[in-house]
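**Student:** Spelled out from the first residue to the last, the chains are:
Number of protein chains: 2
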Amino acid sequence: MYVLISLHRRGHRHLRHVKDLSTTAHSQLHVPLNHPTFLVWASNTSLGKTLVSTGLAASSLLNPIPKPRKFLYLKPIQTGFPSDSDSSSVFHKLSRLSLLRRHNLPHFSLFSSNHILKASFPAANSALGQEISETPHSGMRDLGYYEEAKPEGDVGGGAASQLVCKTLYAWREAVSPHLAAERESGVVEDAAVLELLQKCLRFELGGGGEKGKETEIFCVVETAGGVASPGPSGSLQCDLYRPFRLPGILVGDGRLGGISGTISAYESLKLRGYDIAAVVFEDHGLVNEMPLLSYLRNRVPVLVLPPVPKDLSNDLMEWFDESRGVFDSLKEEMLSAYSKRMMRLQDMPKKAGEIFWWPFTQHQLVPEEAVTVIDSRHGENFAVFKAQNNEFITQQFDACASWWTQGPDTTLQTELARDMGYAAARFGHVMFPENVYEPALECAELLLEGVGKGWASRTFFSDNGSTAIEIALKMAFRKFSYDHGILSDVHKDNTASQRVELMVLALQGSYHGDTLGAMEAQAPSSYTGFLQQPWYTGRGLFLDPPTVYMCNGVWKLSLPEGLHLEISKLENKAFSSRDEIFHKIRDKSDLARIYSSYISEQLSQYSGSGGFYHIGALIMEPVILGAGGMHMIDPLFQRVLVNECRSKKIPVIFDEVFTGFWRLGRETAAELLGCVPDIACFAKLMTGGIIPLAATLATNAIFNSFIGESKLKALLHGHSYSGHAMGCTAAVKSIKWFKDPQTNLNITDEGRSLRELWDEDVVQQISSHPAVERVVALGTLFALELRAEGSNAGYASQYASSLLQNLRQDGIYTRPLGNVIYLMCGPCTSPEICSQLLVKLYKRLEDFDQFHQIREENSQSYGG
Amino acid sequence: MYVLISLHRRGHRHLRHVKDLSTTAHSQLHVPLNHPTFLVWASNTSLGKTLVSTGLAASSLLNPIPKPRKFLYLKPIQTGFPSDSDSSSVFHKLSRLSLLRRHNLPHFSLFSSNHILKASFPAANSALGQEISETPHSGMRDLGYYEEAKPEGDVGGGAASQLVCKTLYAWREAVSPHLAAERESGVVEDAAVLELLQKCLRFELGGGGEKGKETEIFCVVETAGGVASPGPSGSLQCDLYRPFRLPGILVGDGRLGGISGTISAYESLKLRGYDIAAVVFEDHGLVNEMPLLSYLRNRVPVLVLPPVPKDLSNDLMEWFDESRGVFDSLKEEMLSAYSKRMMRLQDMPKKAGEIFWWPFTQHQLVPEEAVTVIDSRHGENFAVFKAQNNEFITQQFDACASWWTQGPDTTLQTELARDMGYAAARFGHVMFPENVYEPALECAELLLEGVGKGWASRTFFSDNGSTAIEIALKMAFRKFSYDHGILSDVHKDNTASQRVELMVLALQGSYHGDTLGAMEAQAPSSYTGFLQQPWYTGRGLFLDPPTVYMCNGVWKLSLPEGLHLEISKLENKAFSSRDEIFHKIRDKSDLARIYSSYISEQLSQYSGSGGFYHIGALIMEPVILGAGGMHMIDPLFQRVLVNECRSKKIPVIFDEVFTGFWRLGRETAAELLGCVPDIACFAKLMTGGIIPLAATLATNAIFNSFIGESKLKALLHGHSYSGHAMGCTAAVKSIKWFKDPQTNLNITDEGRSLRELWDEDVVQQISSHPAVERVVALGTLFALELRAEGSNAGYASQYASSLLQNLRQDGIYTRPLGNVIYLMCGPCTSPEICSQLLVKLYKRLEDFDQFHQIREENSQSYGG
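Chains as they are written, first to last, in the UniProt record's numbering: chain A, 1 to 864; chain B, 1 to 864.
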């Protein structure tokens, strides 16, 4: 279909070897799930988290058990050290308890240790009894403080149970960690806390023996202060630990006012997507468990501990004895929550294959083991459950942006979660026609001031891109019919409509949605056959457009056959840069004139008022045809197309469902083109990628063609959830977030563009790879077409599957369009992350190429 | 179109006069907005709410001001009384402060009062110094405790500023209100608290003079304990005060751990839809404002008060002086938030008319004053802003269930809000194909065990009813094509599809959505003309169905013309009860045989394999045609239709978008019919009415016709947000909620039905009203058709508008389908509320009738 008209290379840079590009990738997330591991949260400081941890340790280790066990206590963040040390407290209290209870435990033997890994310099000096040095050090130092208690006469044989206590980071001042870290010049980034925590978990839970399951292990990770107390970087702890999404228990408050604090803390945890297995608190005689149970509708167990005596001498040994039953119950609740979760996770792929009907999916091609179990999303990443060997949670970058919808970074996701709760609580959903409410109004204002700026006056809401397109078609046809005297005919003579057939002008390879009206506006394709859609007829004039793409490091133009002959006399068919492609100077070129006369000629068949067929609308995806295979259309061609239609009073529809909201580096692709439509459709990224909502924007001229005395003249189209409050709230937050340089560090060019996200050198290298036919990199999109022939090419191709499997191993989740694969990030994703993705992709392309070469050689050696 | 075949009345009860039916309606919500009024919240008890209130009072009253002002302090709930009394404290502290500052205030004069309205018996006895009586009293008593302070030498002339302090309810024990109320036998229901609070607000803010604005008034309503501390009934205070949705300020916690508590409390308030104008807290030297400001992204001001001295003697007079600047700033922030809100509310209708494009709305018929400003939703009610005279918020029952989507009661709404926050935080949105995640899986499981029970095996998700229908059509046609050998033809010969035209069998007056595919499945109507949809052709055989309805208290059958002649010989054309209509015994009747042969005859034109036209699917809304005008179809006819199609291997689609999820009193309308489809579509109420989500369920036989080697054989349809996590989460919660007798008190008949919601007597009376043509009452739906002729009938009619305006005055928000008006409640709405709606409607029908009679007489007297 496409004819490459030049291989002439200008400005072709020397291609460096990919080794130059190796960036330091973060170690991949790997959270073991092979043993129960819980976060211990509290609704405030000093509510007894450490007592609860100790009680759980006692319940695990100091009950008669058939074989040795291990209890792992981790305290990632400790302030007030060394006078306060929760891991020391657990270690010492449990040692005392084990001595006291020993007589009840036949063959009992316990090996305990306590380890403080890193401390600020002031904390370390204080712990080591050293004087504070004159020149203050900054950062954290390895403290290596270690104490242990072995069973008498034993030197740590295999038969002993184990208590392992670890503090990861300690600071001296007994204040909030962010303050201590700052004051002691010992700030630790969130990533470092998580990495060390993960390392400890993997070391203690994952290792040793087949499947690491021979010993029963129970692990608690105790947080500091309240659920939303800042960690050392200033991030709230409920945000800090979120990537692991460990289940938790909440230590509540039994005092006066404690019901409120406990409920609020619980809600803050839910607002971060945590699951809470139980609530436990110390009794203060106020029966706080009653309102808590009522609030929780008895779905989360609430346990009450006896009052802690004021006299803390004797290390609370009697209190622990008294609380034993509660701790045993608590431990059982936690174990039961853990096994329920694991059973469900293991069962999910099978169940999904049995009852889901996935869209765009041939179920026969998806075996159970190919189903991805998504435990959660965090910013751009899926947290994926893997059942192989030891069960664990790993991370995959959502490189298809979940069908091009995604935009949130982790902070935006947290804010959106709170906003979603707010919108649901304030409005739920309220109906739209003839009404006004804040989120819908603000959303419409932002749309008109943003993506509709300079042309649009009205906002029509619907639910998805496909419905937004159908609405756009209805708008355009009405306007066209009035402008061209068709409706007056109809009014005079009801059969007149049968003498008129309205069609769209559209591009080959375009895709505007799955409902019939939207499908009618696309050229015949894999999606439109009788097998898929018996009612499809294809009501359009479908032009084969010129495309641009990068190959061997150079941007080139490819012309359709119809234009080819006429144009071959033109000299310059490659571009010096991507910017040149979009430059308005091209409007004066010979090519522009050729495009113009070509389009004019095509249109001439359908103009004039006497005919049966009329082109009633131009509809196009500006710049990139998405579902059609990530083809970049020559923007000059689209500009000329718009001008030609406008001169003939044919309304222009831009389908920006995919391209809108910074997808291509500008808030709209119309800005890239440098011209405006009469109607434009938005969806996908509009809500930041959290919830369905679509909008069709229109000029006042379009709107006015629906104004009249009768309701029957109004646009009689509308979905139940038109302009729903939650969708509009999400859109308001996201639209602002994406364009604010304070929240989106990628914003540049005085707020008009995203900075370049894809490393140009790597892009050029990939475009020069022998397995690659063409590359497009623009805004948040990087796409490549694998060189393929026959059934390996096209939408139904499985050609890329080995490459995709390998990328998933690398933590990149992508889904192909046949032999076209792409990486897509969010508007806020950092260029560093994008580069890591590209480099991984390049490496896997090498493997892919070898794989196919070997297969080819094999088939030459052994095949026919 | 319809022929009434009988007026014979059986079991016609005597119609009582409507006066018998007057139920005690709750007084309508009326929250004044004509003066700034704020809730004072705190993240815990004892953080100084009352000091903040006092400081605000001082800032309002004790600064030099041009004319007298009024400060209203309300404490709805006080425990620990009389030793603790916050209103007394404000009263006394302000009196002392005013004496101290008087020398700076020329012409200053202050009149203060403190009033304790109601107290439990123990609290009252204690306050009055009475002994506790032997026989304990229960309930609350009017205490009438009152103290005042007048300016010297003045007897309360008009020139004085005023401080009005009021405690509404007081209990003696210094514990949580729910506990005190229980222990003192003084439980107060939420409605009573709100009613008394509203009364005080209206009395103090609304009265006196034109627009009540001559005096500047500032009002604070101080809560008790923390934001989620229970009130006297046990409801959390953040839930208790929610119907008013007053803006608030949050008194935070400056202590260690206070950041967490403050953030969590803030989040609990947002999770109830509150707006917070400022956060203020006492300094404890920990710089807690820094992380708070960072969390709030500087969008909510955070103010820090100087440390409160431990020595409370001298009533903190120096501290108030020291804090003066902070309180002045706080007051300014509050005033500015108030005026911003008011300006926005007043501006909204105009703005909406300028930039919205409302669906199904002729904008020219909606003047600015007809636009409803919805400030929030609470359960079934809109909180509507009214700008007339004194601005206020009032309440309207959402009787069109916001286009038939709504289901939440207030508790479900709160739970859904939390769940929405959780789902957004845990998943945001993750893509569906080939993946599995908990909400989608659980939702699919619940659908198949619930609405799909006994027949469906697969769940296909989409966004709205219209897309669900298009998917259903694609499913049905594929199955039909395979079963009838059409696809094998197509495979052999690509042009074969051009020799086959698939059509639906559908009912006249049905409506299946607004997208073209769904529209093609409906008969020509107001919605389908060239003006609306130039591509519409109407690909169906559309049968005119028999309907049933109530008139003059009796259920009757109305037959279409085609059937009329044949059937006139049948005797029994009225029903003794609604149950009889659905009874299976009718399957054996003559009528059943007549229906059967009629349908058979119609179908015979399109059967046989040689023809061009094939009926490839039956599609119908079971029992009630919604958008077509709330027509109830004879269920016997629909059952026969299903059987006829099944015998001809024509797949059966039920469009349960409107009827599903208890809308008609059963979880599905299929249950009412007593037969199952092959494919069914659900949307609207499925998420409880909070967010768009749709599902198309299908049998395995349908699913299997899409299985094969190639992706091209799969169902190539899918929307970006397919099976989105938030929608599925909402559906999971709502589906369970609606059918659980613990959460839905309307569930009866062993979980299979809703109890009767509409008072049968009133329904009969309305059906006998001269203005009423017919009535249908079933499940959550009550509909009536006004007797009308010519342009007064039909979809574009404005005939009902005066009636609808009057109903809005009565607090009922409804929107007509031409001359058909309806009341729709949620599955959990109490029959008492439904009865109130009916009675109001009946009364307004009387006015309506008189209005039209008078108009008619006038037109006879003066007209042509």
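Simulated from the structure, these hints should not be mistaken for lab results. The beta carbon of each residue, even a glycine, is placed where N, CA and C say it ideally should be. Any given hint might turn out to be false.
What the hints assert, rightly or not - Selected chain B positions facing chain A (Cβ under 10 Å, derived; list incomplete):
#1 N44
#2 S176
#3 Q237
#4 A265
#5 L271
#6 S294
#7 L447
#8 F461
#9 S481
**Student:** For the restraint on L447 (chain B), tell me whether the closest CB of chain A is nearer than 10 Å.
**Tutor:** Interface hint status for L447 (chain B): holds (9 Å vs cutoff 10 Å).
**Student:** Should the hint that F461 (chain B) touches chain A count as held when the rule is a Cβ pair under 10 Å?
**Tutor:** 8 Å, holds
**Student:** With a cut-off of 10 Å on the beta carbons, see whether S176 (chain B) makes it to chain A.
**Tutor:** Given a least distance of 6 Å, the restraint on S176 (chain B) holds.
**Student:** Given A265 (chain B) as an interface hint, is the shortest Cβ-Cβ distance to chain A below 10 Å?
**Tutor:** 5 Å, holds
**Student:** Would you settle whether the hint for Q237 (chain B) is holds or violated, based on the nearest Cβ-Cβ distance to chain A being less than 10 Å?
**Tutor:** 8 Å, holds
**Student:** With chain A as the partner, please determine if N44 (chain B) meets the hint condition of a C-beta pair closer than 10 Å.
**Tutor:** N44 (chain B) check passes; min Cβ-Cβ to chain A is 5 Å, inside 10 Å.
**Student:** Verify the interface restraint on S481 (chain B): the C-beta must sit less than 10 Å from at least one C-beta of chain A.
**Tutor:** With a minimum Cβ separation of about 7 Å from chain A (threshold 10 Å), the hint on S481 (chain B) holds.
**Student:** Please verify that hint: S294 (chain B), Cβ, nearest Cβ of chain A, below 10 Å or not.
**Tutor:** 7 Å, holds
**Student:** Taking the closest Cβ pair, is L271 (chain B) under 10 Å from chain A?
**Tutor:** Status holds, d = 4 Å.
Going through the hint list in order, the structure satisfies each hint without exception.
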